[in-house]
Amino acid sequence: MKRREFIRILVAGSATLLVLKPVKSSDIFVYVIDSSRCIGCGKCVKACRAENHVPEGKYRTWVERYVVYSNGELENVYVESPMGGEFGFEEVDIDTERILRAYFVPKLCMHCDKPPCVKVCPVNATWITEEGVVLVDKSHCIGCKYCIQACPYGARYFNHHEKVVDKCTWCYHRIMRGMRPACVTVCPTGARVFGKLTDEHIQDVLKERDIRILKPELNTRPKVFYKNIGWEVW
Amino acid sequence: MKQVERSLIVFINILIIFIIAIFGLRVMGEEVYPGYADRIFGVKGIYGKSGEEKELEKEPIHAEGREDCRKCHQEIYTKSNEGKHSFDCQTCHGPLGEHPSTDMIVTNSREFCLGCHRSTIGRDPAAIRIVNNWEEHGKGRLCVACHDPHSPWFD
Amino acid sequence: MSSEVVEGFVYPNHEVFWGVLIVIYPYLVSIITGMVTVYAIAEFWRKELKDIEKLVVISSLPFVLSALLPLLLDLGHPQRAFEIYITPNFSSVMAVFGIVYLTELFALLGEMWFLFRVDIVRRAMNEENSVLRLFYKILTLGVYDTDEEAIKVDRKAIKILTGVELIAAWCLSYVSFLFGVVKSNPWWNTTILPVSFVFGGLAAGGAMVMLLYLLFTEFYRVDRKPEIISTLANYVFYFMLAAFALETINTILYAYKEDVAWAVIKLASTQLALPLAIQVIGSLEALLFLKYVCYKCNMGKINTPFIVIASITILVVVFAMRWNMVIGAQLIDYGLRGFVSYTPPLWGREGLIAALAVLMAPLIMLPIVAYFFPPYEKRVRAVL
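Chains as they are written, first to last, in my numbering: chain L, 68 to 301; chain S, 65 to 219; chain X, 307 to 690.
Where hints are given, some of them may not hold.
With a cut-off of at most 27 Å between alpha-carbon atoms, the simulated BS3-like pairs for lysine-lysine come out as follows [unchecked claim]:
| id | chain 1 | residue 1 | chain 2 | residue 2 |
| --- | --- | --- | --- | --- |
| 1 | X | K684 | X | K360 |
| 2 | X | K489 | L | K230 |
| 3 | X | K684 | X | K353 |
| 4 | S | K148 | L | K113 |
Counterexamples of contact, computed for chain X against chain L with all Cβ distances above 12 Å [said to hold, decoys possible]:
| id | residue |
| --- | --- |
| 5 | L438 |
| 6 | D453 |
| 7 | T497 |
| 8 | K531 |
| 9 | L552 |
| 10 | L578 |
| 11 | Y601 |
| 12 | P650 |
No lab work stands behind these hints: they were computed from the structure. These figures come from a predicted structure and were not determined experimentally. For each residue, glycine too, the CB sits at the ideal point set by N, CA and C.
Build out the structure end to end from the sequences listed, making use of the hints.
Okay, here's the thing in C-alpha cells:
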C-alpha cells in the first residue's frame, strides 16, 4: 500500500514536471498582413522607430518590394528594401511591360509558436508569454547573439548601444493596455490587421484559403499570416 | 587510497561551494546578479521584476487612435470620417507623444503626399488613389492648395 | 560596420554577427579535443607515447583556460556571463556547453594532480624557496606517501579521469552543434558538420602536440624519439584525411543537390577564395608531408623542418576550415537572395589584435604552467 502510494506520487510528480511549460491560453494574438493593400509608404516603419526607439539602421519591421519579371525566360525575382522601406520606394530599372507581378510585403517578427530563438538562448533571457508574444529581457541578455543566428526571418537585431539583442514585441506595452501595435495603428490602408485569435475579424481572414505563412518547412509555426503573396516570398 | 579521498574531498567542496553560489545568487534575485556586476560596469537595468512587467513599463508614444484626437478636434474628426482619409491621424501627423504641450508637425509638401499617391511599381491602384501624371498634375503648386488633406475630393 | 552588402537582397538587420573571435573559439576547443585524444591514445593504446603524457597534460591546461576568452570578449555583456550557470536554459547548446566545460576543466586538473603527485611531493620536501615550498605543500593536500601501492592507485585514478576527460572533450567538440542546430542557416544545417569538425580538431590537436614535443625536447634537451613522431604523424595523417574527405563530400553533395541555398552559397564563396584555397591546397600539402615524415621516422630519422612545416600547415588549414564554417555561413543572408562581405576590424574588442592576443594566450600561459610542473627533468649540458 505504502509503495503504491509512493509510486503514484512519483508518477504524478514527474508528470507535473513534464507539463511545467506554461499552458497557453486560447487568447493568443495573431497578426494578418494583406499584401495587396500595402502601398509601401513606410509609415509603419517610422511609427515603429518612434514608438520603440529603434536605433538607426535597425528594423523591427520593414517593407520589402517583390518585382517578378520575365525577359522571355522563366520568372526572375527582384527583391529590395531600401532603408527598410522607411522612406518609400524609388523607381526600379525594369521595363513595366515585362513585369508579371509586383507587390509590397511588410515583414516583422513572426512570434512563432515554436520559436527557435527561445530554444537557443542560454540564459532564458527570451521567452514566449502566455499571450504568445516572444519577448527579450534587456537586463538579462548577455549579448551572445545566438538567437539572431537562430531566427530564420531576420527579425532580431543587435542593439550596438545597449549591447543586447532586441526585436519586435508587437508593442507588448500597447496591446496589453488594449491598444493596437503602432504599425497597425498608423497603416492608412488597413494592410496590417491585428487581434486575438478568437476575434471575429481575425477569424474571417483565417477562414480564407489563400492564407500563407513564411518558411513553413522549418516548422516554426509563425503567428503572422500573409494574404495575396506569391511563391517567391520567404 | 588516501590521495583519492583527499582529492575527492577537495573536489566535492568546490562543487558544493559552486552549487551554493548558484542557488544563493538565484535566491537573492537579479538585483544582486547581474545587478551588482552591471552597476560596476555602469549598465543600467531594471531588476527584480518579471520580464513582462519590464516590458509594460514603457509608455506608448502613439495614441490608440482617432478617438483620442476627437476629444479636442471634433470638427476635423467628423470631416475626415466622411472623406477618404478616414485612417488614423498619426499616420500623417506623427506620434502623439506629449501632444498638448508639444506641437505636432506635419509637412504639406508635394513629396509628402506623393509618398503614398505617386505611381510606383508594386503599388496597387485598387488599394489607393494613384496620381498617374504626378509630374504634370498641379505642377508648381502644393497639393493642399486644391485638396483638403482631411477630406480630399476626387473627380 | 565591418560587413556590407555585396550582391542581392539581404534582410536589413543582417550583419556578420559572430566575427573572428567566434572563429578562434571553436578552433581552440577543437585543439583541446585533439590533445586530450592524443593523451587518451597514449594512456589506453599506444604505450610508446607514454613519454609525452606529462607534456600533453600540462599543455592542454592553458588551452582549456583560454577557451573561454574569445567567448567572453564576444559577449555584449561579459559581466553577465555567469548567468549561464545561474539561470541555464538546458535546451540551449550554449548552456550545456558551460557544464561540459567545467567537467573538462576539473577532470584535467584532477588528472594533472595525480600525474604530478610524486613530483609535487618531492618538491614539497626538497624545494629551497620557502614560498614555492609552501605552494607545493598545499598542493600535496597533506598526502605524502609515494610508495608502489600509492602510485598504482594514482595510475588507476588517471585512467578513470582520462575516460571522463575524453568524453568531456568530445562533448566539447559538441560546440559544433552550436552551429549545426541553427536550422535557419543552410550552410550550418548539415549532419556532417559536427563529424568533420571533430576530425579537423583531432588533426589540429595532434599537430599541436607534435610542435610542442619539438619545442619542449629542444628546451629541456631531451632526446627525440622517432617512434613518438611516427605514431603521432600517422594519427594526424588519418585524422586530417578524414576531415578533408568529409568537408569535400559535404561540398560535393551540396553542389549536386543544388537546392535554393546553393546558388547564393556558390556566389558567397567568392568572398572566401583565400581561406578555401588554403583549406584545399594546405590539406593536400600537409598530408603529403606527414606521410613523408612517417616514412623517415620509420627509418629512424627525424626530419625536423618537415615536421614543423606539416604541423603548422595543419594548424593553419584547420583555422581556415573554422573560418569558412563560421564566417562563410554568416555571409549568406537567411533570405537566401544575397550575401555580405566581412573584413574584421583591426582594433577593438572584436578586432584582429584582440583575436591575435587570444590566440597567443595559451602559448603565453604555457611556460608559466611548465615552470611549476616541468614535463621533463632539465638536463644540464656540461659547459666547459
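Hints, one by one, checked against the model:
no.: 1; hint: X:K684 / X:K360; in the structure: holds, 14 Å
no.: 2; hint: X:K489 / L:K230; in the structure: holds, 25 Å
no.: 3; hint: X:K684 / X:K353; in the structure: holds, 23 Å
no.: 4; hint: S:K148 / L:K113; in the structure: holds, 22 Å
no.: 5; hint: L438; in the structure: holds, 39 Å
no.: 6; hint: D453; in the structure: holds, 47 Å
no.: 7; hint: T497; in the structure: holds, 16 Å
no.: 8; hint: K531; in the structure: holds, 45 Å
no.: 9; hint: L552; in the structure: holds, 23 Å
no.: 10; hint: L578; in the structure: holds, 18 Å
no.: 11; hint: Y601; in the structure: holds, 45 Å
no.: 12; hint: P650; in the structure: holds, 16 Å
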